Each structure stands twice: as C-alpha cells, then as structure tokens.
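Asks: Sequence:
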Amino acid sequence: MENASVSFFKKPLFWIILLAVVVFLGFGVYKYFALAKELSDIRTNPSKIQDIAKRENKKLVEEIGRLMELPKDEDPTVALVNDVERLKTQSFFTNAKNGDKVLIYTTAKKAILYRPSDGKVIEVAPVTIGGSATPSGQISQSRVVLRNATTVAGLAKKYEVELKSKASFATVVDRETSVNQDVTKTILVDLSGAKGQAAQDLAKALGLSLTDLPKNEGRPQASAEYLILLGTDKK
1 MENASVSFFK KPLFWIILLA VVVFLGFGVY KYFALAKELS DIRTNPSKIQ DIAKRENKKL
61 VEEIGRLMEL PKDEDPTVAL VNDVERLKTQ SFFTNAKNGD KVLIYTTAKK AILYRPSDGK
121 VIEVAPVTIG GSATPSGQIS QSRVVLRNAT TVAGLAKKYE VELKSKASFA TVVDRETSVN
181 QDVTKTILVD LSGAKGQAAQ DLAKALGLSL TDLPKNEGRP QASAEYLILL GTDKK
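If you're matching positions, the sequence shown starts at 1 in the numbering used here and goes up one per residue.
No lab work stands behind these hints, which were simulated from the structure alone. This structure is a prediction, so every number in the text was calculated from the model and none was measured. Errors might be hidden in some of the hints.
Said to hold, decoys possible - Heads up, simulated EDC-like pairs for lysine to aspartate or glutamate below, C-alpha to C-alpha not over 20 Å straight-line: (1) K195 to E217; (2) K54 to D75; (3) K157 to D182.
Start from the sequences and build out the full structure, keeping to the hints where you can.
Replies: Structural data, given as structure tokens:
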C-alpha cells in the first residue's frame, strides 16, 4: 500500500492536480488583494467614486435607451429609490419599489422611473423645476385602446399583458374589435395626430410603428391618446 501511495505521487496526474490547486489559490489571493486595493483607493480618492458612478449611470442610460427615446446632449441626474414608503404619497412613485432608479433630465424636463431588476420603464413624468428637480404630481399616463383586427379570439386581452410588461405607464381603457379582420402588422396610432415625443417613446417601448389612423378605421369611443391596432403578428 505504501509503495502504491509513493507511486501515485510520482505520476504526472498528481503534479497536474497540485499545479491546478496552486494556480487556483494564487488567483484567489491575487483577487483578494486587488479588491482590497480598489476599496482602499475608493476610500481615499473621491474622484474614484465619481468615476464608478459615471460608468454605472452610463450603463443605465444605455439600458433605458434601448427601450425608449431619451433626451440628447444631456446627462441625467440619477437617484436610487431606497425608502419607497415615504414616496408613496407622490403619484409618480405609486408603482415604485426599493431598488428602482429615477433619471431626471432637467433641460428636457422629464423624469423616468426604471426598474433594473425587470429591465422595464415603470413611469414617465414631466419635471417641475424649483429649488430642486423632482417629478411633478402629474404623470404622463398613456391611455390606450386595443383593437383586435384579426380573427384570433381574445387577442386584445392577451396583448394587454405584453403591453403592461413593456410600458407599465400605459393604461388600457377599452378593448374593441375592428370591422377589418385581415390586418397582419400591429401599429400604434397617435389619435392626436401630433406624433410627439411621448408617442415616439411609447412606440419604441412597444416595438411598434407609429402611424396615422387608417382611413377604414374609426376613432375609438373611449377617451384615449392612442389606439393599438392588433395584427396577426401578435397572435
């Protein structure tokens, strides 16, 4: 048995395993000291903290920019929601959770509530500029009518789930059935005809084309800013 143990230590496999263990431990020690040095730099160098915050904010803006159009040539002020109960009195934070981020664009006068954990925009609001920039009580809620322009039963109700997951600031006020049931591509209609920034933001969040109301479609009976005409691409 003793000879077997000795022969094992002489095998290449033993030295390979030993080398792997040494490398692993060495890498762990290196990472420990590297992290310790970085934490020390952060404590003693305020500019290091600012650099980290700038990188995180840039990444955050890029994430939200993939969901909606953001103001150009302006870096937002970014705030973290860490005590949501104190903010519930403001309608902007009605659906907020701790960990959400608020982006405030003072020049564009726009505030955005974003949830990094879900990767979605929760609220968009105009900003009232006073002593400090804070979201005003009036939220840019988007009232939407869903109109099924296919033969697929229950399509509007099904799409409402997708709508809320991508743009929770949008409220479905009615679901209708179109007289035309052969539409293939879903579209977003700005019923005001203005196709302003809010309409463009909603279209980008939903991944829909923003168009005029088709001539063979009537206006919704319900009071709304937008009509989504559902095609077979959403079945």
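Asks: Each hint should be assessed against the structure and marked as holding or not.
Replies: These are the hints, each one checked on the structure:
Distance hint between K195 and E217 is fulfilled; the C-alpha atoms sit about 18 Å from each other, no more than 20 Å. Pair hint K54 plus D75 holds up; C-alpha atoms about 10 Å apart against a cutoff of 20 Å. A C-alpha spacing of about 18 Å is found between K157 and D182, which places the hinted pair at or below 20 Å, so the restraint holds.
Comparing the model with each earlier hint shows no violations; every hint is respected.
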